[in-house]
Amino acid sequence: MHLPRRCQAGSQFLCGPLTLRGCHWFLLARPGPAERRWPRGIMSLVAEAFVTQIAAAEPWPENAALYQQLKEEQILLSDNASSLAVQAFLQMCNLPVQVVCRANAEYMSPSGKVPFIRVGNQVVSELGPIVQFVKAKGHSLSDGLNEVQKAEMKAYMELVNNMLLTAELYLQWCDDTTVEEITHPRYGSPYPWPLNRILAYQKQWEVRRKMKAIGWAGKSLEQVLEDVDQCCQALSQRLGTQPYFFNKQPTELDALVFGHLFTILTTQLTSDELSEKVKNYSNLVAFCRRIEQHYFEDHDKDSSASAASRSSKSYLPS
Amino acid sequence: MGTVHARSLEPLPVSGSDFGALGDEPELIEVEPEAKQEVLENKDVVVQHIHFDGLGRTKDDIIMYEIGDLFKAKNLIDVMRKSHEAREKLLRLGIFRQVEVLIDTCQGDDALPNGLDVTFEVTELRRLTGSYNTMVGNNEGSMVLGLKLPNLFGRAEKVTFQFSYGTKETSYGLSFFKPQPGNFERNFSLNLYKVTGQFPWSSLRETDRGVSTEFNFPIWKTNHTLKWEGVWRELGSLARTASFSVREESGHSLKSSLSHTMVIDSRNSSILPRRGALLKINQELAGYSGGDVAFLKEDFELQLNKQLLWDSVLSTTLWGGMLVPMGDKPSSIADRFYLGGPTSVRGFSMYSIGPQSEGDYLGGEAYWAGGLHLYTPLPFRPGRGGFGDLFRTHFFLNAGNLCNLNYGEGPKAHLRKLAEFIRWSYGAGIVLRLGNIARLELNYCIPMGVQSGDRICDGVQFGAGIRFL
Numbered sequence: 001m002h003l004p005r006r007c008q009a010g011s012q013f014l015c016g017p018l019t020l021r022g023c024h025w026f027l028l029a030r031p032g033p034a035e036r037r038w039p040r041g042i043m044s045l046v047a048e049a050f051v052t053q054i055a056a057a058e059p060w061p062e063n064a065a066l067y068q069q070l071k072e073e074q075i076l077l078s079d080n081a082s083s084l085a086v087q088a089f090l091q092m093c094n095l096p097v098q099v100v101c102r103a104n105a106e107y108m109s110p111s112g113k114v115p116f117i118r119v120g121n122q123v124v125s126e127l128g129p130i131v132q133f134v135k136a137k138g139h140s141l142s143d144g145l146n147e148v149q150k151a152e153m154k155a156y157m158e159l160v161n162n163m164l165l166t167a168e169l170y171l172q173w174c175d176d177t178t179v180e181e182i183t184h185p186r187y188g189s190p191y192p193w194p195l196n197r198i199l200a201y202q203k204q205w206e207v208r209r210k211m212k213a214i215g216w217a218g219k220s221l222e223q224v225l226e227d228v229d230q231c232c233q234a235l236s237q238r239l240g241t242q243p244y245f246f247n248k249q250p251t252e253l254d255a256l257v258f259g260h261l262f263t264i265l266t267t268q269l270t271s272d273e274l275s276e277k278v279k280n281y282s283n284l285v286a287f288c289r290r291i292e293q294h295y296f297e298d299h300d301k302d303s304s305a306s307a308a309s310r311s312s313k314s315y316l317p318s
Numbered sequence: 001m002g003t004v005h006a007r008s009l010e011p012l013p014v015s016g017s018d019f020g021a022l023g024d025e026p027e028l029i030e031v032e033p034e035a036k037q038e039v040l041e042n043k044d045v046v047v048q049h050i051h052f053d054g055l056g057r058t059k060d061d062i063i064m065y066e067i068g069d070l071f072k073a074k075n076l077i078d079v080m081r082k083s084h085e086a087r088e089k090l091l092r093l094g095i096f097r098q099v100e101v102l103i104d105t106c107q108g109d110d111a112l113p114n115g116l117d118v119t120f121e122v123t124e125l126r127r128l129t130g131s132y133n134t135m136v137g138n139n140e141g142s143m144v145l146g147l148k149l150p151n152l153f154g155r156a157e158k159v160t161f162q163f164s165y166g167t168k169e170t171s172y173g174l175s176f177f178k179p180q181p182g183n184f185e186r187n188f189s190l191n192l193y194k195v196t197g198q199f200p201w202s203s204l205r206e207t208d209r210g211v212s213t214e215f216n217f218p219i220w221k222t223n224h225t226l227k228w229e230g231v232w233r234e235l236g237s238l239a240r241t242a243s244f245s246v247r248e249e250s251g252h253s254l255k256s257s258l259s260h261t262m263v264i265d266s267r268n269s270s271i272l273p274r275r276g277a278l279l280k281i282n283q284e285l286a287g288y289s290g291g292d293v294a295f296l297k298e299d300f301e302l303q304l305n306k307q308l309l310w311d312s313v314l315s316t317t318l319w320g321g322m323l324v325p326m327g328d329k330p331s332s333i334a335d336r337f338y339l340g341g342p343t344s345v346r347g348f349s350m351y352s353i354g355p356q357s358e359g360d361y362l363g364g365e366a367y368w369a370g371g372l373h374l375y376t377p378l379p380f381r382p383g384r385g386g387f388g389d390l391f392r393t394h395f396f397l398n399a400g401n402l403c404n405l406n407y408g409e410g411p412k413a414h415l416r417k418l419a420e421f422i423r424w425s426y427g428a429g430i431v432l433r434l435g436n437i438a439r440l441e442l443n444y445c446i447p448m449g450v451q452s453g454d455r456i457c458d459g460v461q462f463g464a465g466i467r468f469l
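Residue numbers (the UniProt record's numbering), protein chains in the order written: chain R, 1 to 318; chain B, 1 to 469.
Don't read these hints as lab results, they were simulated from the structure.
Because the structure is a prediction, the values reported are computed rather than measured.
A hint or two may mislead.
What the hints assert, rightly or not - List time: in silico DSSO-like cross-link candidates among lysine-lysine, alpha-carbon distance up to 27 Å: (1) B:Lys59 to B:Lys89; (2) R:Lys203 to B:Lys280; (3) R:Lys71 to B:Lys329; (4) R:Lys71 to R:Lys277; (5) R:Lys210 to R:Lys71; (6) B:Lys89 to B:Lys74; (7) B:Lys329 to R:Lys203; (8) R:Lys248 to R:Lys154; (9) B:Lys417 to B:Lys280.
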């Protein structure tokens, strides 16, 4: 499929219609090396305090950049979903950001996870802290919500992170066919032999250990797909016939759901089962298309590089 | 000189006319020493047998090489000297704890009248030895635990395992060493290691896991080393506040490089030499045997020492180096050169000269550094003949520069860049020599030519290390 691609330095947004032949993408999140010693809760509190204190001072600069892995050869499904979610969020807030692809983006990130943004002198990674950071600068999408709605939004975001993201990780790193055909070649592609094998195995071992810790190691692929289905059902029910989850205006929940669902729909894996589960819910598919058209293609029309960015490079299923 | 026993010549068979004088008058106990010495010196002897006591797992052929010379000795003094040399060579192999030499006249049926037997009584080292040391590196200290298996297969092979825990780095390594039998200077070693280092001047953390093989061989007066090294390097930021230029270098890389080093060393000591010179030239080519880092690196070190009046020594050193990245990737922070500190240009903070970004020093691709020192004994020479001899006062003048190469500008532009904005410093201090390995310095430095971005350490500066400018 024709993946959303960032091609030029100037153009920032996704392009291309939703079709179904795609690149093989897998992403993986892992705990960062430096902060691994601290429990997640404390780390995020400290990070939040640090970030909000410093962030409020300056306005959003023109040269803000978002870093992720190499799009064509390296990035994996889960990382791509996270990156897309952040890009969608920043688009919704109308904050310009340039996407920069680096092979070592995962190691550059302060928490070890992609994407991360560099705004002025500060570096913030992952959607949660980025939302806080942007809020400290005075932009927010969820200001209009009352307390109950905010709690609901947080709950659904947790659902997506616990179900969808974990299912993506499972599929990438615990399903043997996918691991062999897609994940290992992609993850190790920027590195020479034998480093590509070593890093891929190291990452796989880490993810499998994490899966064991949260109890997903014993699940079979069918059970995981069932979980995905349930998650999509819950999201579909909440969305209903509204344009966005909280009626008229998109929030960070919309960005997160869009990031994951769009990536699942547009990524070619060894089998189509995952995307089929999402396609069962037509309102979710329409939701994805709506956000894509509104926030990505619209801006593309203005950009002078749009013709070049639209050039389609189709990835044939191998 | 070791232990050399020479029994008297009295019980020799009285068949030669040479011994007639002594043998004829057995009751004359006192022999004039000069006469006896003369007899010994002029005596032609033949070494008939060489015995070895105490060999266990050591194979015969390597022993033969070390003592082969002994058979060529012509007179007694020669035998004594050559057996002393042989003893030194045997000890150098690192397989014996003790070597004692006994020179005796030959007994037995085939004994010649001037035949000698030399017996080496050796004690082999145990199969497994452990050690605990503390080590001083360049401004860091560490504790080293080691396990050694000497003389593993009988030909002076050695396997060492070392674990070192230090203020700046922890490391462990396994190494296998094998000399060529008969030619100890030619040897081969294979190392596996993992080293972790922290570099606060660049806010950088580096973990290297690698394997290297090395051949050493002497050619005439020079010593050469050929080495292949394959290293998996992992770089990371040391703190959350690391600058973005350092953050960009985080990640993994694989370096596979071939290097060659040539050393000519005629100094009398490596720490505080009094005379002699050192020239060391090193080149490294990476990237053509695998890996994803490609560069050509050259560096050299020159030191000249001359003794002046009144026990003072004048010493000059010159260091320089250049790193040329091949291919289109820029050079990595882990390969670049750094300058400054108590072991380099004194008066500046550790490695805090040159290109930097937000307080993190990034190193440079070309550098030069020079030093001029005058070492004198302590004023009024306290503790002379003993402890006081370990200390020296020194007056120094250091200078250096570090920059990046922007290619396409040509070599003249690079030389010009290295010649402008020279950092230099002068001062005086006290040097303490630690054994034959390290030295400590306490200096009062005045840095000059400081550029914006450099961090200085003017006033008193302390340094400990092995290699000083």
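Hint check:
Proximity of lysine 59 of chain B to lysine 89 of chain B is assessed by CA-CA distance (about 15 Å); at most 27 Å being required, the pair is judged to hold. For a cut-off of 27 Å, the pair hint linking lysine 203 of chain R to lysine 280 of chain B is broken: about 43 Å separates their Cα positions. Pair hint lysine 71 of chain R plus lysine 329 of chain B holds up; C-alpha atoms about 19 Å apart against a cutoff of 27 Å. For the given pair, lysine 71 of chain R sits about 25 Å from lysine 277 of chain R by alpha-carbon distance, which is consistent with the 27 Å threshold.
Distance check on the hinted pair: lysine 210 of chain R and lysine 71 of chain R sit about 26 Å apart at the alpha-carbon level, within 27 Å; holds. Annotation: proposed proximity of lysine 89 of chain B to lysine 74 of chain B holds, straight-line Cα distance about 20 Å (limit 27 Å). The hinted pair formed by lysine 329 of chain B and lysine 203 of chain R meets the criterion: a straight-line CA distance of about 26 Å does not exceed 27 Å. At roughly 18 Å between alpha-carbon atoms, lysine 248 of chain R and lysine 154 of chain R fall within 27 Å of each other, so this suggested pair holds.
For the proposed pair lysine 417 of chain B and lysine 280 of chain B, the alpha carbon gap of about 25 Å is at most 27 Å, so the pair holds.
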